[in-house]
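Quick mapping for you: the protein sequence lines, in order, are chains X and C. Just so we're aligned: 110 in this note's numbering is position 110 of the first sequence, and the numbers increase by one with no gaps anywhere. Just so we're aligned: 1144 in this note's numbering is position 144 of the second sequence, and the numbers increase by one with no gaps anywhere.
Just so you know, not all the hints are guaranteed correct.
Distance windows between CB atoms, simulated [claimed, not checked]:
no.	chain 1	residue 1	chain 2	residue 2	range
1	C	1090	X	108	53 to 59 Å
2	C	1125	X	88	54 to 60 Å
3	C	1046	X	188	19 to 25 Å
To be clear, the hints were calculated from the coordinates, so they are not data collected in a lab. The structure displayed is predicted, hence computed values, not measured ones. Each residue gets a CB set at the ideal place from its N, CA and C atoms; glycine is no exception.
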Amino acid sequence: MNATARMSSIRLTIPSDRRPVDQGEGVADVPDATLIQRLRDGQTAAGDALVRKYYQPLVRYLQRLVGNDQVAEEMHQQTWLSVLEHIDRFDAGGSGGFKAWLFRIATNKANDFWRSSGREKVAKEGLKLVTDQSLPGADHRLEGTEMEAKLRRAIERLPEPQRQVLVLRYYSNMKFVEIAELLGCPLNTALGRMHKAMLKLKELMVE
Amino acid sequence: MKNLLEQLENNEAVLLMYLAGELPTEDRAEVEQMLGRDAGLRATLDELRGLHADVTSALGRLDAADPLPSRDSAVRQVSRAMTQAMVARAAQRPAAGPAGKTLRIGWLVYPAAAAAVILIATMIYMNQPGAPLPGTPGPNDIALIEPPAIFPEETAPESAARPQLAALEEEAISLSSAARSDDDALGLRYPDR
């Protein structure tokens, strides 16, 4: 096998266990468009199916984005309520489909959160203080290894735009073109942020 | 997307897209040709691949060490909130049915209100103590209207009032005859006489 063939056989893809698939309940078999139409018709079961299908990638994305489990869960619920509120406006033919639309709403919720919390740095420090002192999730956070704690801190220290691209790519498994469109930036900007985020993360982890 | 390669600004961007498998076939083939010729580019590709593997592995470890809350309970909680929102939305919709199919009666309101006011006013008027019944003489029927009692509290029997009425009638007739005599004397003629 020559070098080129070897390189092309290994792709920068996301592990299958991070992808938004249902765990053995058949929901993954039903297309999003069908579930959305059912939700529009008032079938709550379709909403349950969608929430279940995207639970893991969406909650993880929000956790890594805001750095706080409780806030992430609250945002997760708010995201779905927004989905329900604006479901009639969703255009299934748009770029990225429902997943891109869902993650755009979640990203907007996170941005709103940071804006309402004042300056990003102040908000993050406040959250970190609360998390370390009193939140229920703090216990198991302290139980993690030093490397994991370091990684968590490193993610939190990434500039917001870089962190968005990194965790969006990792948890949503969306294409870079879709990520750029979702974030409203040129493709080159999104790719540049991804590259910088990976370099910075590695640098912070070895500090 | 054709010619995507031309839009990418630097090697890292090209290689990230290449590694992600997001380049069109023609662009991908071109990158592979470049990699075959350029050892520096291959080294950059290896660095990026290693970097990506490290970050992916680290995030995977972090997720494994930081389990999510029970999916079922979280989904139930979100579903409950969504159901409540759907019920609230349904309650806000007009009961007449879907928009566009509601009966538009706005223009009927004003004439109906006017008719109702007229009807109510008529009913109030008809219920007054002195109001005439349908078919009874109106206020212009002078000869048939009894004169009002001057002293209502001392209302005289009908027989006592009759002589007064007869006297008044006689006086009116005599005045009328006198007026006719004066008209005849002056040579005045009225067509209704």
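Here's how the hints hold up against the structure:
1. 1090/C <-> 108/X: 53 to 59 Å: violated, 26 Å
2. 1125/C <-> 88/X: 54 to 60 Å: holds, 55 Å
3. 1046/C <-> 188/X: 19 to 25 Å: With a Cβ separation near 22 Å, residue 1046/C and residue 188/X satisfy 19 to 25 Å, so the hint holds.
When held up to the earlier numbered hints, the structure conflicts with hint 1 and nothing else.
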